[in-house]
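Chain by chain, the residues:
2 protein chains.
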Amino acid sequence: MHAADGSCCGHDHSHGPKHIYIYSPSGAVRDKAAFRRGVQRLQALGHDVEVDPDALSSQQRFAGDDATRLAAIHRAAASGADVALISRGGYGLTRILPGIKYKAVAKAIAKGTQFVGLSDFTAFQLAMLAQTGATTWAGPALNADFGVDAKDGGEVDDIMLDCFEDLLSGQGEGAGWQMPRIGELPNGKPQLKDFYVPGGATLWGGNLAVLVSLLGTPYFPQIEGGILFLEDVGEHPYRIERMLTQLLLSGVLARQKAIVFGQFTEFKLGSHDKGFKLQTVIDWLRMQVRCPVLQGLPFGHVPTKVLLPVGAQVSLSVEGRDALIYWGHGH
Amino acid sequence: MHAADGSCCGHDHSHGPKHIYIYSPSGAVRDKAAFRRGVQRLQALGHDVEVDPDALSSQQRFAGDDATRLAAIHRAAASGADVALISRGGYGLTRILPGIKYKAVAKAIAKGTQFVGLSDFTAFQLAMLAQTGATTWAGPALNADFGVDAKDGGEVDDIMLDCFEDLLSGQGEGAGWQMPRIGELPNGKPQLKDFYVPGGATLWGGNLAVLVSLLGTPYFPQIEGGILFLEDVGEHPYRIERMLTQLLLSGVLARQKAIVFGQFTEFKLGSHDKGFKLQTVIDWLRMQVRCPVLQGLPFGHVPTKVLLPVGAQVSLSVEGRDALIYWGHGH
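Keeping their order, the protein sequence lines are chains H and C.
Just so you know, we're using full-length UniProt numbering here: the first sequence kicks off at 1 and counts up by one.
Just so you know, we're using full-length UniProt numbering here: the second sequence kicks off at 1 and counts up by one.
Note that these hints are calculated values from the structure, not bench results.
Hints may be right or wrong, so weigh each one.
Identical copies carry no separate label here, and so any pair may be met within one copy or between two of them.
[As the list claims (entries may be wrong)] Simulated pairs of lysine-lysine, DSS-like, Cα-Cα distance not exceeding 25 Å:
#, residue 1, residue 2
1, K277, K32
2, K189, K257
3, K257, K274
4, K274, K32
5, K101, K111
6, K18, K107
7, K32, K18
8, K151, K32
9, K193, K277
10, K18, K111
11, K274, K189
12, K107, K268
13, K101, K189
Working from the sequences, and respecting the hints, build out all of it.
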């Protein structure tokens, strides 16, 4: 189950066609060619793809006004689909959180509809977890992950696709990856020893900026003894540090059994930084918390991403550079 | 006391030389020429300027490591100065909040040292308010406000200087400004009626991103019936809206008697925004809250800024386009 750049399983993915519902709860879809390619790729994989009537709606920067996007979420929940997949992230979910019918969505999840997405979608996932305890999936979005342009040499990522098919076939049971080699901490301590967190730890997290933007609201889950995973895009390390400081000072980090860094991408260091960089921030955090801090999780705004059950009970093991989040069967 | 672009008072500022202590609790000072110009301008105004030994220290992007910056804050508190003025903002205060000796700083404030600054300094100001109730001043920083380069046609701003001298002479009693003309809300309601909040409302706020980064921590003040003022720099309106949403969903805004927008500067709208802009966000907020929402406060990352007592009891009046925050004598 391990691989240098992340893996899910080696299962045979033979299963009947699945019903995939595409909708847009956040930003407007501007790249309609990518949207069409994404739909066609899912169809070519043998799936029935249903597109929400407002999936391509646009109002200012949003995929339709608040009522439109709320209705799209509720149609996705009522669709009876196997998977409800967002077209893209962007921005737009936090402001409509009070309007979501959480019990209705949780009922749809209990009946077998898996909600999948990332980035701004973190707001929906954490609100669902806080309000109902239901599990959703941190994973791909249609446009960026299935809509890549073959003309640009773009291919749908194998590992992402394996993990996605694992979810569809109900065979997914964990995500493994190899962590980067990193040195000692400034205080001379080794970065990480082998350890094992037995099953029963709640896996949660997602986009750091979106997660932190829920702190203090009724949509921030109160998780004790959890495994917290984080990713972000376009945030300078000083902002990442400020957000981690907020989680630290609010007591959230002290209640976790592990913190797992995914991919933090598309930021620029400047001449003012003078050696301050992402690893500086992660090393600083290691000295602020007692729990292990892992790196290199293949998840974030990158093609190679695993799917992760937000809200599920998982175990976590680290042996040398090999890390494994395991949730077994039964989701 | 009113003026189109903000004003403090028309007092005579004859007073003896004041003792001003310059220190660096946040980012490293890179523009040392601006620093020197700032010190010289304060001296030319007749003041005794004391420069903290680590005011020009640098470690990565910070003005010295955490212990260095904490020591600088505590030296400023022990200096007996009339004003402790930051050299600049940047980033660095949130991560050292647990190390500040709040009672010692509050004692210095009670003895007459006024702490003045803005931007990242908001973290210090709100933490002081949350931990001790002490009043600090949202106002200028040495480099950007007193260190402007005359060669570039830069002059120290008259209104800022008037307000600063008001603070030094103990004569400041309020800040007035004329609000911009704005239209009806999308729902047809007028933007703002005349109103009056009698004295006894706590004035608080500062930099929106820094303020929001304290939510959920022991350094976020719990203010009932307050006047909340906000400014920011380099934040896209969607991020401003996400931060306001957090204040809204956490119940903070519902507990205020008024929300006052200062200057939000240096952001870029993109083609994806399609009409979404700062005023869209402010108009949206007006429809989410019951209290009045004011605009145009001359405070933020702009030359013309008033000084505002964070934590003081104030009154607020709006008559037509004229707004006045009044704190009377006795600070």
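Hint-by-hint comparison with the structure:
1. K277 / K32: between (36 Å within a copy, 24 Å between copies)
2. K189 / K257: within (19 Å within a copy, 51 Å between copies)
3. K257 / K274: For K257 and K274, neither the intra-copy (33 Å) nor the inter-copy (44 Å) Cα distance is at most 25 Å.
4. K274 / K32: between (42 Å within a copy, 17 Å between copies)
5. K101 / K111: Within one copy, since 16 Å is at most 25 Å while 55 Å is not.
6. K18 / K107: This pair counts as within: shortest intra-copy Cα distance 19 Å, inter-copy 68 Å.
7. K32 / K18: Only inside one copy: K32 and K18 sit 23 Å apart there, 64 Å across copies, limit 25 Å.
8. K151 / K32: Result: close within a single copy only, 16 Å intra versus 51 Å inter.
9. K193 / K277: within (24 Å within a copy, 49 Å between copies)
10. K18 / K111: For K18 and K111, only the intra-copy Cα distance (15 Å) is at most 25 Å; the inter-copy one is 72 Å.
11. K274 / K189: within (24 Å within a copy, 51 Å between copies)
12. K107 / K268: neither (43 Å within a copy, 42 Å between copies)
13. K101 / K189: Answer is neither: 48 Å inside a copy and 29 Å across each miss the 25 Å cutoff.
Comparing the model with each earlier hint shows violations of hints 3, 12, 13; every other hint is respected.
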